[in-house]
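Peer 1: Please take these sequences and the hints and turn them into a complete structure.
From first to last, the protein sequence lines stand for chains A and B. Position in the first sequence counted from 1, then plus 73, gives you the working numbering. Position in the second sequence counted from 1, then plus 33, gives you the working numbering.
Hints may contain errors.
For each label pair, taking beta carbons as the anchor points, the in silico distance ranges come out as [as the list claims (entries may be wrong)]:
(1) B:Glu259 / A:Asp168: 37 to 43 Å
(2) B:Pro114 / A:Ala91: 24 to 30 Å
(3) A:Asn107 / B:Ala303: 43 to 49 Å
(4) B:Pro263 / A:Gln133: 48 to 54 Å
(5) B:Thr226 / A:Asp168: 45 to 51 Å
(6) B:Asn251 / A:Asn107: 19 to 25 Å
(7) A:Asn107 / B:Ala289: 41 to 47 Å
(8) A:Gln133 / B:Ala289: 35 to 41 Å
(9) B:Glu259 / A:Ile100: 54 to 60 Å
(10) A:Pro136 / B:Thr48: 56 to 62 Å
(11) B:Thr319 / A:Gln133: 33 to 39 Å
(12) A:Thr148 / B:Leu52: 39 to 45 Å
Cross-link-like lysine-lysine pairs, in silico, DSSO-like; alpha carbons within 30 Å at most [what the hints assert, rightly or not]:
(13) A:Lys167 / A:Lys152
(14) A:Lys167 / B:Lys229
(15) B:Lys229 / A:Lys152
Please keep in mind that the hints were generated in silico from the structure rather than gathered at the bench. Idealized CB from N, CA, C, for every residue including glycine.
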Amino acid sequence: MKRRRQIGFFLAIALGLAAALFYGWFIHPAAPANTSLASLRSDYQADYVLMVAESYPQPQDVPYAIEVLRQLNPTDPIKAVDQALLTAQQLGYKDADLHLMANLEIRVRQYGGGQ
Amino acid sequence: MRERRDRQPPLYLITGIVLGLLAGLLAAYVILPVRYANTSPSTLSSAQKDIYRALVGRAYLYEADSGRAFSRLTLLQDVDPKAVLVAQSQQMLAANGDAEAAQGLGLLAVGQAITPLPGPTEAAEPATVTPTPTPDPPKAGTAETSATPAQAETKAATATVTPTQPTATPFATFTPRAQATPKPTQGAPYVKTDQKPVCDANAEGPLLMVEVYDSAGNGVPGVKVEISLPNGGSTDFYTGLYPEIDEGYADYTMNAGDTYSLRVGIGGDAVSGLTSPQCNAADGSTYAGSLQLTFKQP
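Peer 2: Now the structure itself:
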């Protein structure tokens, strides 16, 4: 009888745990807050990369640009720029903006920013 | 007696369920909350918003496109955007952070039109840019109502713990590039027209207060003030960060007894021998006062 109660007690805990997790993760998840730049939607990330391209136009700016790009992809900033370029093309960015982003990609790649 | 015991509620089960529920809620909301992907800038942490905002400020300096800058800032959904811009700009300057970003934020805070800084890629850009069709600009308060773009679907929601809930926010606005109106930010060198001590016992400290006006007598924001420090170094600060005082106002906290020199704008005369004046308090004691300097374009 005592063993049955123990088993029932732990099963009840597991049941409550599962129910609460299901509720907190699927039914009523916590609102998004304190997210990171890396979690931004792709169109926002594309605009972020465009801002980097606009903000760091000089060749000597590349190390700073890479640091800022690492916010999107800490290990591979070039990948972040490539993905942003793709998104920008899909969204119909202006040629001038695409040109800026492409230049950034070239400069970062030349600098070896992906390593 | 036995029947009565059987009718009692199974307290151990209820206790177990309650404990499980509490542990589960703690895990779901505190320890292992849902991690989101495909979020909007408004959900960024405070530190990440600062990075985003600084980038907007820098981009504004180079692009001089206030429409685009403000549409980007709108995405952050700050309650008082102007105050946030001023505060961050001041913090960055105080911490010797990115001076260009701080200047850009300060200029955005006061709504100052500027001439873009030169960039090497500008020559390659077409002379007249035909704006391509752009997505609808975000409307305040409608962030949760617009449809998620197809592009976002290719980067499917990828919660690491549980399924994600994409925030259905609108596209960022990609406004056409401004045809920047040539407007010199630095014209004729500024000339010192006035210097006077200011005695205010309630002031936070001995301030070096600089006011910069154009030839028409309007305060000019975004003017760089370079101050030489007693230890041989120098630091910069910019006008326009206190629009509530004057758009051409800037100040620097001096150390009583130290002597400074400063230069306003590019090519302006250096003003040296600046030191905090001694002021007399009502009780007969003395304290370090402030110094007010006025500069004007001839």
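Peer 1: Now tell me if each hint is right for this structure.
Peer 2: Each hint, compared with the structure:
1. B:Glu259 / A:Asp168: 37 to 43 Å: Given a distance of about 39 Å, which is inside 37 to 43 Å, the answer is holds.
2. B:Pro114 / A:Ala91: 24 to 30 Å: Violated, at about 44 Å.
3. A:Asn107 / B:Ala303: 43 to 49 Å: holds (47 Å)
4. B:Pro263 / A:Gln133: 48 to 54 Å: Given range 48 to 54 Å: violated, Cβ gap about 31 Å.
5. B:Thr226 / A:Asp168: 45 to 51 Å: holds (48 Å)
6. B:Asn251 / A:Asn107: 19 to 25 Å: Check failed, 42 Å falls outside 19 to 25 Å.
7. A:Asn107 / B:Ala289: 41 to 47 Å: 42 Å Cβ-Cβ, so the 41 to 47 Å window holds.
8. A:Gln133 / B:Ala289: 35 to 41 Å: holds (40 Å)
9. B:Glu259 / A:Ile100: 54 to 60 Å: 59 Å Cβ-Cβ, so the 54 to 60 Å window holds.
10. A:Pro136 / B:Thr48: 56 to 62 Å: 59 Å Cβ-Cβ, so the 56 to 62 Å window holds.
11. B:Thr319 / A:Gln133: 33 to 39 Å: Since the Cβ atoms of B:Thr319 and A:Gln133 sit about 49 Å apart, the hinted range of 33 to 39 Å is violated.
12. A:Thr148 / B:Leu52: 39 to 45 Å: At roughly 41 Å between Cβ atoms, B:Leu52 and A:Thr148 fall inside 39 to 45 Å, so the hint holds.
13. A:Lys167 / A:Lys152: Distance ~21 Å between A:Lys167 and A:Lys152 Cα, so the pair holds.
14. A:Lys167 / B:Lys229: violated (53 Å)
15. B:Lys229 / A:Lys152: violated (57 Å)
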